[in-house]
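*Asks:* Take a look at the letters that make up each chain.
Protein chains: 2
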Amino acid sequence: MTFDKTDRNQVKRSPQRGHYDRETIYRVLDAGFLCHVGFVVDEQPFVIPTLYGRENDNVYLHGSTASRMVKNLVTGVPVCLTVTHVDGLVLARSAYHHSMNYRSVVLFGTAVEAMDDEKDRGLFVISEQVLKGRWDESRLPNEKELKATTVLRMTIESASAKIRTGPPNDEEEDYALPIWAGVIPLRQSYGKPEADPKLSDGIELPKSVANLSGVTE
Amino acid sequence: MTFDKTDRNQVKRSPQRGHYDRETIYRVLDAGFLCHVGFVVDEQPFVIPTLYGRENDNVYLHGSTASRMVKNLVTGVPVCLTVTHVDGLVLARSAYHHSMNYRSVVLFGTAVEAMDDEKDRGLFVISEQVLKGRWDESRLPNEKELKATTVLRMTIESASAKIRTGPPNDEEEDYALPIWAGVIPLRQSYGKPEADPKLSDGIELPKSVANLSGVTE
Numbered sequence: 041m042t043f044d045k046t047d048r049n050q051v052k053r054s055p056q057r058g059h060y061d062r063e064t065i066y067r068v069l070d071a072g073f074l075c076h077v078g079f080v081v082d083e084q085p086f087v088i089p090t091l092y093g094r095e096n097d098n099v100y101l102h103g104s105t106a107s108r109m110v111k112n113l114v115t116g117v118p119v120c121l122t123v124t125h126v127d128g129l130v131l132a133r134s135a136y137h138h139s140m141n142y143r144s145v146v147l148f149g150t151a152v153e154a155m156d157d158e159k160d161r162g163l164f165v166i167s168e169q170v171l172k173g174r175w176d177e178s179r180l181p182n183e184k185e186l187k188a189t190t191v192l193r194m195t196i197e198s199a200s201a202k203i204r205t206g207p208p209n210d211e212e213e214d215y216a217l218p219i220w221a222g223v224i225p226l227r228q229s230y231g232k233p234e235a236d237p238k239l240s241d242g243i244e245l246p247k248s249v250a251n252l253s254g255v256t257e
Numbered sequence: 041m042t043f044d045k046t047d048r049n050q051v052k053r054s055p056q057r058g059h060y061d062r063e064t065i066y067r068v069l070d071a072g073f074l075c076h077v078g079f080v081v082d083e084q085p086f087v088i089p090t091l092y093g094r095e096n097d098n099v100y101l102h103g104s105t106a107s108r109m110v111k112n113l114v115t116g117v118p119v120c121l122t123v124t125h126v127d128g129l130v131l132a133r134s135a136y137h138h139s140m141n142y143r144s145v146v147l148f149g150t151a152v153e154a155m156d157d158e159k160d161r162g163l164f165v166i167s168e169q170v171l172k173g174r175w176d177e178s179r180l181p182n183e184k185e186l187k188a189t190t191v192l193r194m195t196i197e198s199a200s201a202k203i204r205t206g207p208p209n210d211e212e213e214d215y216a217l218p219i220w221a222g223v224i225p226l227r228q229s230y231g232k233p234e235a236d237p238k239l240s241d242g243i244e245l246p247k248s249v250a251n252l253s254g255v256t257e
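For the protein sequence lines, the chains are H and Z, in the order given. Residue 187 in the working numbering sits at position 147 of the first sequence, and the numbers go up by one each step. Residue 145 in the working numbering sits at position 105 of the second sequence, and the numbers go up by one each step.
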């Protein structure tokens, strides 16, 4: 259940922070829903933020048929897909040892267009990744909407995770300096839901939202 | 003060969300400190999360001389540098019109190594971007540390921002559906500082940390 370590996915800097097992890689992927997708057009790299959903070794993306990302990815070009969570600022005594606590994954593969049942499934998987339960509350896509949307499946060919946790590491002689050191945690949280000004009266907050940690009406 | 709109930086999908003026692009850049850097090695794109600092049209990056990113960027290959802030989940009545509120910028250019005074300046600019005032509180880099670090300057050649705000947009006939719609704000915030277990007694929380919004001891 581990991805082979090759030149492509190897964590070269701070290799002790590198992980290649699916359990760790899945855990980092499943904690987010926004990725940065890299692809190349005429030697120019593009890095585009987009939503994703993971199921097993498949990562689904979607977009308008008119988008640069979709137009290029459907042609089967090499893709790099990266997800990063920043967990804290690591303040050391020395400027040099300042760091971040973070969890990131870098995935490699190529995308193919998901068709028919897999297209529906891909949209469901992305929706569930962003907000579990929302799909079943929504008015589902009609033919026209499906036609305007391309769903892409990228099977993970190669991957690695890189994770840093814990306090700063300073040079032995710096611990005596009268400089504060430690970690400032950073977290993402949901705020109070803002109802659409056009929302009809008497419609309650849905389960999907009520289930989000920290959300109250 | 606007970047020319070319095929490279043009926002193709939802063009009404595209911005090309420096004021908007700088504002999105200045609200963050983590970017995703894209570069190509033998036709394979890589997307690597890293810290940055902006000064005028220059974006500074740094890394170990041993890192894949540094080794490739110093050779002057084309770079795409993307910064994304997710501001909220946009829940529409229809699955199709679900969206995100976000601010993102995509920058294009090539990197050069910053040397001597500019190297020091680049490190300062990155440090200030992550945590204003921290540089002056820290034990500054010595020769050996400077030697182990490469600082890169990427002058922005071309750029665009893409921004979505506000409530969902549904199809006219869907507004009558008994489905909740609105925005769930998402924000990043700092938690309670965690002192290094090795911190000497009597060292107070520094100004840089105390000045962070929401941080209390």
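The hints are simulated quantities; they were obtained by calculation from the structure and are not laboratory data. Everything numeric in this text was worked out from a predicted model, so none of it was measured. You may find that some hints are simply not true.
No copy is singled out in the list; a pair is fine if it fits within one copy or between any two copies.
[Unchecked claim] Computed cross-link-like contacts, EDC-like style, restricted to lysine to aspartate or glutamate with a CA-CA straight-line distance of at most 20 Å:
| # | residue 1 | residue 2 |
| --- | --- | --- |
| 1 | Lys111 | Glu83 |
| 2 | Lys238 | Asp214 |
| 3 | Lys232 | Glu83 |
| 4 | Lys238 | Glu153 |
| 5 | Lys187 | Asp157 |
| 6 | Lys238 | Asp210 |
| 7 | Lys45 | Asp82 |
| 8 | Lys159 | Glu244 |
| 9 | Lys172 | Asp70 |
| 10 | Lys52 | Glu185 |
| 11 | Lys187 | Glu244 |
| 12 | Lys184 | Glu158 |
| 13 | Lys172 | Asp127 |
| 14 | Lys238 | Glu63 |
| 15 | Lys187 | Asp210 |
| 16 | Lys238 | Glu212 |
| 17 | Lys159 | Glu211 |
| 18 | Lys184 | Glu211 |
| 19 | Lys187 | Asp82 |
| 20 | Lys184 | Asp210 |
*Asks:* Now, for every hint given, state plainly whether the structure supports it.
*Replies:* Right, here's what the structure says about each hint:
In this assembly of identical chains, Lys111 and Glu83 lie within 20 Å of each other by CA distance both inside one copy and across copies; the values are 16 Å within and 18 Å between. Proximity of Lys238 and Asp214 under a CA criterion of 20 Å is satisfied inter-copy only: 11 Å between copies versus 59 Å inside one chain copy. Taking identical chains as interchangeable, the C-alpha atoms of Lys232 and Glu83 are never at most 20 Å apart, the minima being 44 Å within one chain and 45 Å between chains. Proximity of Lys238 to Glu153 under the C-alpha cut-off of 20 Å is found in neither arrangement, the shortest distances being 36 Å within a copy and 53 Å between copies.
Proximity of Lys187 and Asp157 under a CA criterion of 20 Å is satisfied intra-copy only: 14 Å inside one chain copy versus 55 Å between copies. Taking identical chains as interchangeable, the C-alpha atoms of Lys238 and Asp210 lie at most 20 Å apart only when they sit on different chains, with a minimum of 10 Å there against 55 Å within one chain. Taking the shortest Cα distances, Lys45 and Asp82 sit within 20 Å of each other only across copies (18 Å), while inside one copy they are farther apart (29 Å). In this assembly of identical chains, the alpha carbons of Lys159 and Glu244 never lie at most 20 Å apart, being 31 Å within a copy and 56 Å across copies at closest.
Taking identical chains as interchangeable, the C-alpha atoms of Lys172 and Asp70 lie at most 20 Å apart only when both belong to the same chain, with a minimum of 12 Å there against 32 Å between chains. With identical chains, the CA atoms of Lys52 and Glu185 are at most 20 Å apart between copies only, with a shortest distance of 19 Å across copies and 44 Å within one. For the identical chains of this complex, Lys187 and Glu244 are neighbours neither inside a copy (32 Å) nor across copies (60 Å), given an alpha-carbon limit of 20 Å. When the C-alpha separation of Lys184 and Glu158 is checked against a cutoff of 20 Å, the pair qualifies only within one copy, where the shortest distance is 17 Å, while the shortest distance between copies is 55 Å.
For the identical chains of this complex, Lys172 and Asp127 are inter-copy neighbours only, at 18 Å across copies versus 23 Å inside a copy, given an alpha-carbon limit of 20 Å. With identical chains, the CA atoms of Lys238 and Glu63 are never at most 20 Å apart, being 43 Å at best within one copy and 32 Å at best between copies. Proximity of Lys187 and Asp210 under a CA criterion of 20 Å is satisfied inter-copy only: 17 Å between copies versus 56 Å inside one chain copy. Proximity of Lys238 to Glu212 under the C-alpha cut-off of 20 Å is restricted to the inter-copy arrangement: shortest distance 11 Å between copies versus 61 Å within a copy.
Within a single copy, Lys159 and Glu211 get their C-alpha atoms no closer than 53 Å, and across copies no closer than 22 Å, so neither meets the 20 Å cut-off. Within a single copy, Lys184 and Glu211 get their C-alpha atoms only as close as 62 Å, which misses the 20 Å cut-off; across copies the closest is 12 Å, which meets it. In this assembly of identical chains, Lys187 and Asp82 lie within 20 Å of each other by CA distance neither inside one copy nor across copies; the values are 28 Å within and 35 Å between. Taking CA atoms no more than 20 Å apart as the test, Lys184 paired with Asp210 passes between copies only; the shortest distance there is 14 Å, against 59 Å inside one copy.
Going through the hint list in order, the structure does not satisfy hints 3, 4, 8, 11, 14, 17 and 19.
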